[in-house]
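Build out the structure end to end from the sequences listed, making use of the hints.
Going by my numbering, the sequence shown opens with residue 1, and the numbers climb by one from there.
The hints are simulated quantities; they were obtained by calculation from the structure and are not laboratory data.
All C-beta atoms, glycine included, are put in the ideal place defined by N, C-alpha and C.
There could be a bad hint or two in this list.
What the hints assert, rightly or not - Derived DSSO-like pairs (lysine-lysine); straight-line CA-CA distance at most 27 Å:
#	residue 1	residue 2
1	Lys-187	Lys-54
2	Lys-28	Lys-187
3	Lys-49	Lys-28
4	Lys-54	Lys-28
5	Lys-96	Lys-107
6	Lys-49	Lys-26
7	Lys-26	Lys-187
8	Lys-26	Lys-54
9	Lys-89	Lys-187
10	Lys-89	Lys-148
As the list claims (entries may be wrong) - Computed spacing ranges between beta-carbons, pair by pair:
#	residue 1	residue 2	range
11	Arg-83	Gln-115	12 to 22 Å
12	Lys-89	Thr-169	31 to 41 Å
13	Lys-49	Met-112	25 to 35 Å
14	Lys-89	Asp-163	40 to 50 Å
15	Ser-104	Arg-165	24 to 34 Å
16	Ile-167	Arg-83	26 to 36 Å
17	Asn-180	Lys-96	18 to 28 Å
18	Lys-49	Lys-89	44 to 54 Å
19	Thr-92	Arg-165	40 to 50 Å
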Amino acid sequence: MNRFALALFILISAGCSTAQYSPQGKVKSAETIESALYFAVVPAISVFKDGLWKRFEKADAPEDLILTNGWEDESYAATVTVRHGSNVKTITDLQKGSNIDGISFTKATPVMTSQENLMCVRPAMASEVTPYPRGSLFIHVMACVDTKTQIYYELTVSQQKIDDRGIVTHPSAELEVGANEFFGRFKTK
Numbered sequence: 001m002n003r004f005a006l007a008l009f010i011l012i013s014a015g016c017s018t019a020q021y022s023p024q025g026k027v028k029s030a031e032t033i034e035s036a037l038y039f040a041v042v043p044a045i046s047v048f049k050d051g052l053w054k055r056f057e058k059a060d061a062p063e064d065l066i067l068t069n070g071w072e073d074e075s076y077a078a079t080v081t082v083r084h085g086s087n088v089k090t091i092t093d094l095q096k097g098s099n100i101d102g103i104s105f106t107k108a109t110p111v112m113t114s115q116e117n118l119m120c121v122r123p124a125m126a127s128e129v130t131p132y133p134r135g136s137l138f139i140h141v142m143a144c145v146d147t148k149t150q151i152y153y154e155l156t157v158s159q160q161k162i163d164d165r166g167i168v169t170h171p172s173a174e175l176e177v178g179a180n181e182f183f184g185r186f187k188t189k
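Structure, rendered in structure tokens:
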């Protein structure tokens with residue numbers, strides 16, 4: 001797992017913005033977000049009772065979606081990354097050509113979608129379990145290509161947990177539920 005990804009995740013989760021990421025307000029769990037290219041539904045998991053997630057935009061990639069929820073010791077993130085001009089034509093191409101933060105898609109399972117033009121694969125959850133102060137990162141990922149537009153999408157839902165009493169070895173049960181919902185309700189236009 002890429003430690004840079006974890007550091008970025010912690011930075012964004014803490015509510016910090018940089019020149020690269022700018023806050024775009026808050027969205028509620030289960031709310032549908034519409035972009036020019038896709039629809040995504042905010043995961044119905046939350047550290048907070050109000051279910052609000054912080055939404056960020058990346059200056060050089062305004063089509064990407066970055067959502068965070070939580071504290072420094074426990075937080076969630078959900079992202080959609082967009083890449084235009086994909087040459088992926090089959091599920092096998094998607095499995096061979098995808099790699100998100102060091103997670104290989106070679107043995108990823110094809111995912112059924114409600115759209116004929118959307119091919120997706122999803123590997124098993126990845127994790128990096130480390131003691132305090134670094135904490136543990138658990139991440140679900142899915143790679144998709146819209147065969148009509150040749151746009152490639154990377155979706156992630158992750159949880160970071162830090163426990164000063166020891167090592168966190170398992171994510172919350174809500175993480176997989178949230179990932180299944182985020183991935184299952186993703187649609188392209």
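To see whether the hints hold, each was checked on the structure:
With a C-alpha separation of about 21 Å, the suggested pair Lys-187 and Lys-54 falls inside the 27 Å cut-off, and the hint holds. Distance hint between Lys-28 and Lys-187 is fulfilled; the C-alpha atoms sit about 19 Å from each other, no more than 27 Å. Between Lys-49 and Lys-28 the alpha-carbon distance is near 11 Å, which keeps this suggested pair within the 27 Å criterion. Our distance criterion of 27 Å between C-alpha atoms is met by Lys-54 and Lys-28, whose separation comes to about 9 Å.
Distance restraint check for Lys-96 and Lys-107: the Cα-Cα separation of roughly 9 Å lies within the 27 Å cut-off, and the hinted pair is therefore satisfied. Among the hinted pairs, Lys-49 with Lys-26 is consistent with the structure: their alpha-carbon atoms are about 14 Å apart, no more than 27 Å. Straight-line distance between C-alpha atoms of Lys-26 and Lys-187 comes to about 21 Å, which keeps the hinted pair within the 27 Å bound. For the given pair, Lys-26 sits about 5 Å from Lys-54 by alpha-carbon distance, which is consistent with the 27 Å threshold.
For the suggested pair Lys-89 and Lys-187, the alpha carbons sit about 18 Å apart, so the restraint of at most 27 Å is met. Distance hint between Lys-89 and Lys-148 is fulfilled; the C-alpha atoms sit about 10 Å from each other, no more than 27 Å. Taken as a hint, the range 12 to 22 Å holds for the pair Arg-83 and Gln-115, whose Cβ atoms sit roughly 18 Å apart. The beta-carbon spacing between Lys-89 and Thr-169, approximately 39 Å, falls within the hinted interval of 31 to 41 Å.
In this structure, Lys-49 and Met-112 meet the distance hint of 25 to 35 Å, their C-beta atoms being roughly 34 Å apart. Range check, Lys-89 to Asp-163: Cβ separation about 45 Å, and the 40 to 50 Å hint holds. As the Cβ distance of Ser-104 to Arg-165 is approximately 33 Å, the hint placing it in 24 to 34 Å holds. Remark: the range hint 26 to 36 Å for Ile-167 to Arg-83 is upheld by a beta-carbon distance near 35 Å.
The given range of 18 to 28 Å is respected by Asn-180 and Lys-96, whose C-beta atoms sit roughly 25 Å from each other. Range check, Lys-49 to Lys-89: Cβ separation about 46 Å, and the 44 to 54 Å hint holds. In this structure the supplied range 40 to 50 Å holds for Thr-92 paired with Arg-165, their Cβ-Cβ distance being about 45 Å.
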